[in-house]
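The lines below spell out each chain.
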Amino acid sequence: MKPGILATLASHFLVLSVLAFGGANAVVPEIHRDAVEVSHWMTDQQFADLFAISQASPGPNILIVALVGYQVAGVPGAFVATAAMCGPTCLFVYFAGRVWNRFRHARWRIIVQAGLVPVSIGLIAAATLVLARAADHTWVAALITLGTAALAFATRIHPLWMFAGAGLLGLAGLV
Amino acid sequence: MTATEFSEVFSLCQFLPGANVVNFSVVFGSRVRGVPGALVCFIGLVGPPFCIVLALGALYARFGDIAALGRILGGMAAAACGLIAATAAKLAEPLVRSRVFWGFGIVLAAILGIGLVRWPLPSVLLVLAPVSIALAWWERR
Numbered sequence: 001m002k003p004g005i006l007a008t009l010a011s012h013f014l015v016l017s018v019l020a021f022g023g024a025n026a027v028v029p030e031i032h033r034d035a036v037e038v039s040h041w042m043t044d045q046q047f048a049d050l051f052a053i054s055q056a057s058p059g060p061n062i063l064i065v066a067l068v069g070y071q072v073a074g075v076p077g078a079f080v081a082t083a084a085m086c087g088p089t090c091l092f093v094y095f096a097g098r099v100w101n102r103f104r105h106a107r108w109r110i111i112v113q114a115g116l117v118p119v120s121i122g123l124i125a126a127a128t129l130v131l132a133r134a135a136d137h138t139w140v141a142a143l144i145t146l147g148t149a150a151l152a153f154a155t156r157i158h159p160l161w162m163f164a165g166a167g168l169l170g171l172a173g174l175v
Numbered sequence: 001m002t003a004t005e006f007s008e009v010f011s012l013c014q015f016l017p018g019a020n021v022v023n024f025s026v027v028f029g030s031r032v033r034g035v036p037g038a039l040v041c042f043i044g045l046v047g048p049p050f051c052i053v054l055a056l057g058a059l060y061a062r063f064g065d066i067a068a069l070g071r072i073l074g075g076m077a078a079a080a081c082g083l084i085a086a087t088a089a090k091l092a093e094p095l096v097r098s099r100v101f102w103g104f105g106i107v108l109a110a111i112l113g114i115g116l117v118r119w120p121l122p123s124v125l126l127v128l129a130p131v132s133i134a135l136a137w138w139e140r141r
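Read top to bottom, the protein sequences are chains A and B. Each residue of the first sequence is one higher than the last, beginning at 1 in my numbering. Each residue of the second sequence is one higher than the last, beginning at 1 in my numbering.
Quick caveat, the hints were computed from the structure, so don't treat them as lab data. Yeah, the Cβ is synthetic: ideal placement off N, Cα and C, and Gly gets one too. There's no promise every hint is true.
[What the hints assert, rightly or not] Calculated lysine to any residue pairs in the SDA-like style (CA-CA distance at most 25 Å, straight line):
no.: 1; chain 1: B; residue 1: LYS90; chain 2: A; residue 2: LEU19
no.: 2; chain 1: B; residue 1: LYS90; chain 2: A; residue 2: LEU174
no.: 3; chain 1: B; residue 1: LYS90; chain 2: A; residue 2: ALA150
no.: 4; chain 1: B; residue 1: LYS90; chain 2: A; residue 2: TRP41
no.: 5; chain 1: B; residue 1: LYS90; chain 2: A; residue 2: LEU151
no.: 6; chain 1: B; residue 1: LYS90; chain 2: A; residue 2: ILE110
no.: 7; chain 1: B; residue 1: LYS90; chain 2: A; residue 2: TYR94
no.: 8; chain 1: B; residue 1: LYS90; chain 2: A; residue 2: ALA114
no.: 9; chain 1: B; residue 1: LYS90; chain 2: B; residue 2: PHE63
no.: 10; chain 1: B; residue 1: LYS90; chain 2: A; residue 2: ALA154
no.: 11; chain 1: B; residue 1: LYS90; chain 2: A; residue 2: LEU143
no.: 12; chain 1: B; residue 1: LYS90; chain 2: A; residue 2: GLY59
no.: 13; chain 1: B; residue 1: LYS90; chain 2: A; residue 2: ARG156
no.: 14; chain 1: B; residue 1: LYS90; chain 2: A; residue 2: SER39
no.: 15; chain 1: B; residue 1: LYS90; chain 2: A; residue 2: PHE21
no.: 16; chain 1: B; residue 1: LYS90; chain 2: A; residue 2: TRP161
no.: 17; chain 1: B; residue 1: LYS90; chain 2: A; residue 2: VAL18
no.: 18; chain 1: B; residue 1: LYS90; chain 2: A; residue 2: ALA142
no.: 19; chain 1: B; residue 1: LYS90; chain 2: B; residue 2: PRO130
no.: 20; chain 1: B; residue 1: LYS90; chain 2: A; residue 2: LEU91
no.: 21; chain 1: B; residue 1: LYS90; chain 2: A; residue 2: GLY4
no.: 22; chain 1: B; residue 1: LYS90; chain 2: A; residue 2: VAL36
[Stated by the list, open to error] Negatives, chain A to chain B, calculated, CB over 10 Å:
no.: 23; residue: ALA7
no.: 24; residue: SER39
no.: 25; residue: HIS40
[Said to hold, decoys possible] FRET-style restraints, in silico, Cβ to Cβ:
no.: 26; chain 1: B; residue 1: ARG140; chain 2: A; residue 2: VAL75; range: 44 to 50 Å
no.: 27; chain 1: B; residue 1: ARG99; chain 2: A; residue 2: VAL99; range: 30 to 36 Å
no.: 28; chain 1: A; residue 1: PRO58; chain 2: B; residue 2: LEU39; range: 38 to 44 Å
no.: 29; chain 1: A; residue 1: SER39; chain 2: B; residue 2: ILE66; range: 23 to 29 Å
no.: 30; chain 1: A; residue 1: GLY173; chain 2: B; residue 2: ALA3; range: 49 to 55 Å
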């Protein structure tokens with residue numbers, strides 16, 4: 001393990017933590033940019049694999065950062081990445097939770113939130129694009145993406161079934 | 001927690017950055033038992049899945065280069081991408097329904113800047129968030 005890599009992980013995810021408007025999915029493009037394009041911690045393919053693992057596992061999808069941290073610096077990396085990603089916002093929300101009622105119906109609060117919604121949507125849509133470039137190398141893969149998107153949008157089928165189906169198609173050598 | 005309290009805390013967690021469920025657990029815990037309550041709720045929510053994800057990460061690091069596993073994950077990655085697309089579409093639905101046209105512009109700008117040109121997130125947010133908030137204000141003025 002290179003010295004200072006834990007510090008790099010920490011500083012990277014501390015910044016992302018306070019920028020995660022729209023949750024974990026909104027910062028996926030930035031995690032990818034840093035892990036794959038800037039720091040070269042992993043390949044596009046590995047990033048797509050880790051993302052799939054984080055989505056298919058139980059729990060909050062912010063845990064993609066634990067997988068990235070693990071890939072980069074083992075168990076300490078996973079701890080540091082997760083703590084850095086959750087720490088600032090948890091502190092923030094802890095204190096905000098006490099004064100929230102004063103601001104909840106304030107005009108500026110409603111305007112700020114209305115302004116942030118399209119930004120979050122755009123970031124999550126951008127995440128789709130980044131992941132599609134990393135994961136969809138064949139027509140079948142692109143069709144799986146489209147099919148899953150349609151099913152998840154229009155039905156209430158549990159995502160695990162979609163992962164199972166997609167995994168089987170992959171195992172059969174079709175992807 | 002009453003239903004009103006629930007929706008109040010939920011709106012706070014949607015407003016602030018970070019994972020909504022994680023934020024929610026912290027506020028919920030702090031209302032029940034202060035700092036220890038917040039910590040316990042956080043650890044309870046994140047701890048077990050963290051261990052599972054870590055175990056899977058270790059298996060991936062060890063066996064990731066097995067061809068069959070790579071093929072399975074290839075299929076799953078395509079599906080995961082589709083799930084995110086559906087999330088974006090679901091969030092965009094109210095925007096489309098209420099015809100918030102300036103919002104489409106912001107969505108498009110984020111897709112271009114972050115998804116295609118691959119500019120860093122902090123710089124894009126620094127420009128896009130104020131512009132979007134200004135447009136939201138202008139719409140409601």
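Mind checking the hinted window 30 to 36 Å against the Cβ distance between ARG99 of chain B and VAL99 of chain A?
holds (34 Å)
Is it true that PRO58 of chain A and LEU39 of chain B lie within 38 to 44 Å of each other by Cβ?
Distance hint for PRO58 of chain A, LEU39 of chain B is violated at roughly 21 Å.
Is the hinted pair LYS90 of chain B and TYR94 of chain A satisfied, with a Cα-Cα distance of at most 25 Å?
This hinted pair is violated, its Cα atoms lying about 28 Å apart.
Does the Cβ distance between SER39 of chain A and ILE66 of chain B fall inside 23 to 29 Å?
This hint holds: roughly 26 Å between Cβ atoms.
Do the Cβ positions of GLY173 of chain A and ALA3 of chain B conform to the proposed distance bound of 49 to 55 Å?
holds (51 Å)
Taken at face value, is the distance from the CA of VAL18 of chain A to the CA of LYS90 of chain B at most 25 Å?
Roughly 24 Å between the alpha carbons, so the hint for LYS90 of chain B and VAL18 of chain A holds.
Is LYS90 of chain B within 25 Å of LEU19 of chain A, Cα to Cα?
Since the Cα atoms of LYS90 of chain B and LEU19 of chain A sit roughly 21 Å apart, the hinted pair holds (cutoff 25 Å).
Should the label of SER39 of chain A as a non-interface residue stand, given a Cβ cut-off of 10 Å to chain B?
SER39 of chain A is indeed farther than 10 Å from all Cβ atoms of chain B, at 13 Å.
Does the alpha-carbon distance linking LYS90 of chain B and GLY59 of chain A stay inside the 25 Å limit?
holds (20 Å)
Hinted pair LYS90 of chain B and ALA142 of chain A, Cα distance within 25 Å:
holds (20 Å)
Are the Cα atoms of LYS90 of chain B and ALA150 of chain A separated by 25 Å or less?
Holds. LYS90 of chain B to ALA150 of chain A sits at ~11 Å (cutoff 25 Å).
Do the alpha carbons of LYS90 of chain B and VAL36 of chain A lie within 25 Å of each other, as the hint requires?
Since the Cα atoms of LYS90 of chain B and VAL36 of chain A sit roughly 28 Å apart, the hinted pair is violated (cutoff 25 Å).
The structure fails hints 2, 4, 7, 9, 14, 20, 21, 22 and 28 (numbered hints given earlier, in ascending order).
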